[in-house]
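In the order they appear, the protein sequences are chains X and L.
With this note's numbering, you'll find the first sequence wraps up at 158, consecutive numbering, no jumps.
With this note's numbering, you'll find the second sequence wraps up at 252, consecutive numbering, no jumps.
Errors might be hidden in some of the hints.
[What the hints assert, rightly or not] Facing chain X, a subset of chain L residues (Cβ under 8 Å, in silico):
no. : residue
1   : K113
2   : R135
3   : E138
4   : D139
5   : L141
6   : A142
7   : A146
8   : G147
9   : L199
10  : M222
11  : V223
The hints are simulated quantities; they were obtained by calculation from the structure and are not laboratory data.
C-beta: ideal position from N, C-alpha, C; glycine also.
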Amino acid sequence: MTIYTLYIFDRNGTCRHYSEWNRKNQSGLSIDEECKLMYGMLSSLKSFVGRMSPVDQKESFHSYRTNKYKLHFYETPSGLQFVMTTDLNVGNITDILQQMYCNIYLEYVVKNPFCSREEAVKSELFKTKLDEYVRGLPIFATKLS
Amino acid sequence: MFDLNEMVMAQEVLVMPPYSGELFTLTYGALVSQLLKDYENDAEVNKQLDKMGYNIGIRLIEDFLARSNAGRCNDFRETADAIAKVGFKMFLGIVPVVTNWSASGDEFSLLLENNPLTDFVELPEGHSSLNYSNILCGVLRGALEMVEMEVAVWFVQDQLKGDNLTEIRLKFIKRL
Chain X
14 MTIYTLYIFD RNGTCRHYSE WNRKNQSGLS IDEECKLMYG MLSSLKSFVG
64 RMSPVDQKES FHSYRTNKYK LHFYETPSGL QFVMTTDLNV GNITDILQQM
114 YCNIYLEYVV KNPFCSREEA VKSELFKTKL DEYVRGLPIF ATKLS
Chain L
77 MFDLNEMVMA QEVLVMPPYS GELFTLTYGA LVSQLLKDYE NDAEVNKQLD
127 KMGYNIGIRL IEDFLARSNA GRCNDFRETA DAIAKVGFKM FLGIVPVVTN
177 WSASGDEFSL LLENNPLTDF VELPEGHSSL NYSNILCGVL RGALEMVEME
227 VAVWFVQDQL KGDNLTEIRL KFIKRL
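Looking at chain X on its own, in the form it has when it is part of the complex (with noise of 0.2 Å):
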């Protein structure tokens, strides 16, 4: 199991955080375009699930997988979203982005009062813990298939 990317964004879909550990394979656009695509597309995949749900639901999608990774959603009521691709092996990761959010983003970001909140966050206590935080996860071990 392993993680590759992590992005948060915000309510205003500005990428407030970004980082990547084993990721191999650039897709070729700059960071802030990247960041802007993986925005759009996750507000029309979550619009259009709720949309084509035959039933009344209230949460949208938790991931969406591909043949070569897993992409892990989770959203806060107040709009924040916590995005990390992982490999396939890796289940339902709810849970540990709820926790990066309450144990770190809230901590670190939130509570920093120099932590502006419209643009990208520059604190480095909060890039460190984060850092900590994912590579201390069980799904982080990194044994290469």
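On the provided structure of chain X, position chain L as indicated by the hints.
Below, chain L alone, put in the same frame as chain X:
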């Protein structure tokens, strides 16, 4: 199977660290009296308190969501209950009564029997238009805005002005 780490974390997030309530009340008092000195005008102080509250609210909502693990509310009544029973309880340790619903269900009041912000406070003469706890209105407005609700919040009654209860009124304006 229980993950001990997870359980400890869950406990940590639910229990407020033991800050002194008195220190909080006195700090707030010092803030208001400084504002009164700086602005010399009750209406302006109300406005500043509301603005400060708003800035607190837009951040506080994240703390609220993370610790309460609350999902989206289905209607304004659910929102009212969440504010009173979870929000006020979590941050101020009191549970206001939700009441006086308007017929259309878009307006309600929160009744506070004791407001921790005003524990040692007596309003001096000549400040009849000061809403001492106006910061609460700002907090509510800011927090609800972040979950896509625009509301108007104002004080109807205030124990500091001799009323029996403190009453805060919330009106739903629109979904953002």
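Cross-check of the supplied hints:
1. K113: With Cβ-Cβ at 24 Å, over 8 Å, it is violated.
2. R135: For R135 of chain L, the interface hint holds, since the closest Cβ of chain X sits about 5 Å away, which is under 8 Å.
3. E138: Check passed: Cβ of E138 of chain L comes within 4 Å of chain X, closer than 8 Å.
4. D139: holds (6 Å)
5. L141: holds (6 Å)
6. A142: Holds, about 4 Å.
7. A146: It holds, given that the least Cβ distance between A146 of chain L and chain X is near 7 Å, below 8 Å.
8. G147: With Cβ-Cβ at 6 Å, under 8 Å, it holds.
9. L199: Violated - the Cβ of L199 of chain L stays beyond 8 Å from chain X, reaching only about 30 Å at its closest.
10. M222: holds (5 Å)
11. V223: holds (5 Å)
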